[in-house]
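Engineer: Build the full structure now, drawing on both the sequences and the hints.
Protein sequence lines, in the order shown, are assigned to chains A and B. Position 55 (the first sequence) corresponds to 58 in the numbering used here; numbering is contiguous. Position 88 (the second sequence) corresponds to 182 in the numbering used here; numbering is contiguous.
Honestly, I wouldn't trust all of these hints.
Far from chain A by the CB rule (all over 10 Å, computed), these chain B residues [unchecked claim]: (1) Asp144; (2) Glu291; (3) Phe360.
Simulated crosslink set (DSS-like; lysine-lysine; CA at most 25 Å straight-line) [to be verified]: (4) B:Lys273 with B:Lys259; (5) B:Lys216 with B:Lys194; (6) A:Lys141 with A:Lys179; (7) B:Lys393 with B:Lys299; (8) B:Lys153 with B:Lys131; (9) B:Lys313 with B:Lys299; (10) B:Lys393 with A:Lys79; (11) B:Lys357 with A:Lys59; (12) B:Lys153 with B:Lys250; (13) B:Lys273 with A:Lys79; (14) B:Lys216 with A:Lys79; (15) A:Lys79 with B:Lys131; (16) B:Lys357 with B:Lys330; (17) B:Lys299 with B:Lys250; (18) B:Lys194 with B:Lys153.
Source of the hints: derived by calculation from the structure; they are not laboratory data. Glycine included, each C-beta is placed from N, C-alpha and C at the ideal position.
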Amino acid sequence: MWFGISWSLPKSFTLKKQFPVYVLHFPVCPSGGDNASFLDTNPPKKKTNRTFAVRKELCWKKQHMATPVPVLRLPKGPDPNSRGFDPNSPRYIALCRTTVATTEAAGGDEEELQQEQHARSVLRERFLRCLLAMNNKKVRFNMHENVTVEATFGSSDIDVLNFQVSDLHTPIGVQKEALIRSQDVISFTFDA
Amino acid sequence: MAMRQTPLTCSGHTRPVVDLAFSGITPFGYFLISACKDGKPMLRQGDTGDWIGTFLGHKGAVWGATLNMDATKAATAAADFTAKVWDSVSGDEVLSLAHKHIVKSVNFTQDSNHLLTAGNDKLLRIFDLSNTDAAPQEIAGHGAAIKKALWCNDDKQILSAADDKTIRLWDRTSMEEVKTLTFNTSVSSMEYMADGEILVITYGKTIAFYNALSLELIKTAEAPAPINSASLHPEKDFFVAGGEDFKLYKFDYGTQEELESYKGHFGPVHCVRFSPDGELYASGSEDGTLRLWQTAVGKTYGLWKCVLPEDLGADTSEQMYGSTPEIKA
Numbered sequence: 004m005w006f007g008i009s010w011s012l013p014k015s016f017t018l019k020k021q022f023p024v025y026v027l028h029f030p031v032c033p034s035g036g037d038n039a040s041f042l043d044t045n046p047p048k049k050k051t052n053r054t055f056a057v058r059k060e061l062c063w064k065k066q067h068m069a070t071p072v073p074v075l076r077l078p079k080g081p082d083p084n085s086r087g088f089d090p091n092s093p094r095y096i097a098l099c100r101t102t103v104a105t106t107e108a109a110g111g112d113e114e115e116l117q118q119e120q121h122a123r124s125v126l127r128e129r130f131l132r133c134l135l136a137m138n139n140k141k142v143r144f145n146m147h148e149n150v151t152v153e154a155t156f157g158s159s160d161i162d163v164l165n166f167q168v169s170d171l172h173t174p175i176g177v178q179k180e181a182l183i184r185s186q187d188v189i190s191f192t193f194d195a
Numbered sequence: 095m096a097m098r099q100t101p102l103t104c105s106g107h108t109r110p111v112v113d114l115a116f117s118g119i120t121p122f123g124y125f126l127i128s129a130c131k132d133g134k135p136m137l138r139q140g141d142t143g144d145w146i147g148t149f150l151g152h153k154g155a156v157w158g159a160t161l162n163m164d165a166t167k168a169a170t171a172a173a174d175f176t177a178k179v180w181d182s183v184s185g186d187e188v189l190s191l192a193h194k195h196i197v198k199s200v201n202f203t204q205d206s207n208h209l210l211t212a213g214n215d216k217l218l219r220i221f222d223l224s225n226t227d228a229a230p231q232e233i234a235g236h237g238a239a240i241k242k243a244l245w246c247n248d249d250k251q252i253l254s255a256a257d258d259k260t261i262r263l264w265d266r267t268s269m270e271e272v273k274t275l276t277f278n279t280s281v282s283s284m285e286y287m288a289d290g291e292i293l294v295i296t297y298g299k300t301i302a303f304y305n306a307l308s309l310e311l312i313k314t315a316e317a318p319a320p321i322n323s324a325s326l327h328p329e330k331d332f333f334v335a336g337g338e339d340f341k342l343y344k345f346d347y348g349t350q351e352e353l354e355s356y357k358g359h360f361g362p363v364h365c366v367r368f369s370p371d372g373e374l375y376a377s378g379s380e381d382g383t384l385r386l387w388q389t390a391v392g393k394t395y396g397l398w399k400c401v402l403p404e405d406l407g408a409d410t411s412e413q414m415y416g417s418t419p420e421i422k423a
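Structural biologist: Okay, here's the thing in structure tokens:
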């Protein structure tokens, strides 16, 4: 059985709506009818076809004539290799505390604060001397995920964010020069 | 010539985005955090949608996320029964607060010293972030899982919305219930605006505005479809709502008349929030994307570029998405 399908706009259509709703009309077929009798009772109307084309064009125009707002680029997506929080971003450099804060000396405990400061300076001096002593020595780094790598230590940057090493032995080969992120390092050992 | 809204799509999440929060305006702009069922909340630059970092650590779906006013701290609530506090500059986890059930909502006080959490264990908890060893203060009273809990009235009171179809106002000092609002259906979202003490509540197809101090109804608006979230513009000119029919609706606050509707999402919209400057609003959806929408369509702001009348005749398709996306998942 052949169905003739025509489209029409519902009477409540307003221009305000972005997408006009078209209502599908299925003509009621005479029961038990065959093709010949259906065409006799419902001859195709040429005027309907032309109106349909005009309406289709109007609909398309309504959707596409309004210019979309141009965009400079898409928002940047996540980096698959890292969790982000770029340490070189201005916000990080301005706000990220690279030092450990002193304990609150709320009661005006000057002596305790002095002792703490002394201890801090001793530890700092030892650490710096350690870094000096490590220069050009073979160092073993214990890192996350049970990774241990050996390399010849070069130096550290001022905030101890990265270590510069040479001849880094990795599971996938020997890297002549490399930078190791200090936040990935759990501990390192060397023979003085 | 009418301008058609171009939403900026922020991809990256692999599961539905269930919560969004903006920070206040900081010297580095403002920021947006998104909570996602993939357990990896993300921090983004608020005006461009650029990804800044992902907070890694949760072992379950993250149901709630928030930033403090200056965007230095972030807090997330997850289905792994913990709420975590993060340093949002370095992305490191600062604190993990254990709960007895799924945590749904987190909210900082204005001084960022206290954190309010709420979840399926029907309790409100106040954690002192400067004294983390101390046990949290607990407020009981709700009969069902709490969906959202917010500080209000200059952090002196707490508003909570739960699945027991009530919204309750609590006094922080006395820990007692002050007022209750009962509804016929579960409240789907709640937003508090300190400036003007307005509470925006959505339930069913209704968006209702209440006075946050007295819990008196100010006005309501009806949307064509069930609404999951609504947000009021900082200057109270408009409000936007999104729901189950994937569309975003923009209404005029004064007349409650629907001004525009925008299609774009491929799933129900779970959360809508206006930015602190009101220039854009962000929506998070079941399709795993966030979209940023302009309040004033056609204005030059963030990544949107204003088009002058003389340029309109030229081929504008060249300007759109001129550079190919850098990252492909």
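Engineer: A separate judgement is required for each hint: does it hold in the structure or not?
Structural biologist: The hints, checked one at a time:
no.	hint	in the structure
1	Asp144	4 Å, violated
2	Glu291	32 Å, holds
3	Phe360	16 Å, holds
4	B:Lys273 with B:Lys259	14 Å, holds
5	B:Lys216 with B:Lys194	10 Å, holds
6	A:Lys141 with A:Lys179	14 Å, holds
7	B:Lys393 with B:Lys299	31 Å, violated
8	B:Lys153 with B:Lys131	10 Å, holds
9	B:Lys313 with B:Lys299	14 Å, holds
10	B:Lys393 with A:Lys79	21 Å, holds
11	B:Lys357 with A:Lys59	20 Å, holds
12	B:Lys153 with B:Lys250	33 Å, violated
13	B:Lys273 with A:Lys79	45 Å, violated
14	B:Lys216 with A:Lys79	39 Å, violated
15	A:Lys79 with B:Lys131	21 Å, holds
16	B:Lys357 with B:Lys330	23 Å, holds
17	B:Lys299 with B:Lys250	31 Å, violated
18	B:Lys194 with B:Lys153	15 Å, holds
In this structure, the earlier hints numbered 1, 7, 12, 13, 14 and 17 are contradicted, and the remaining ones agree with it.
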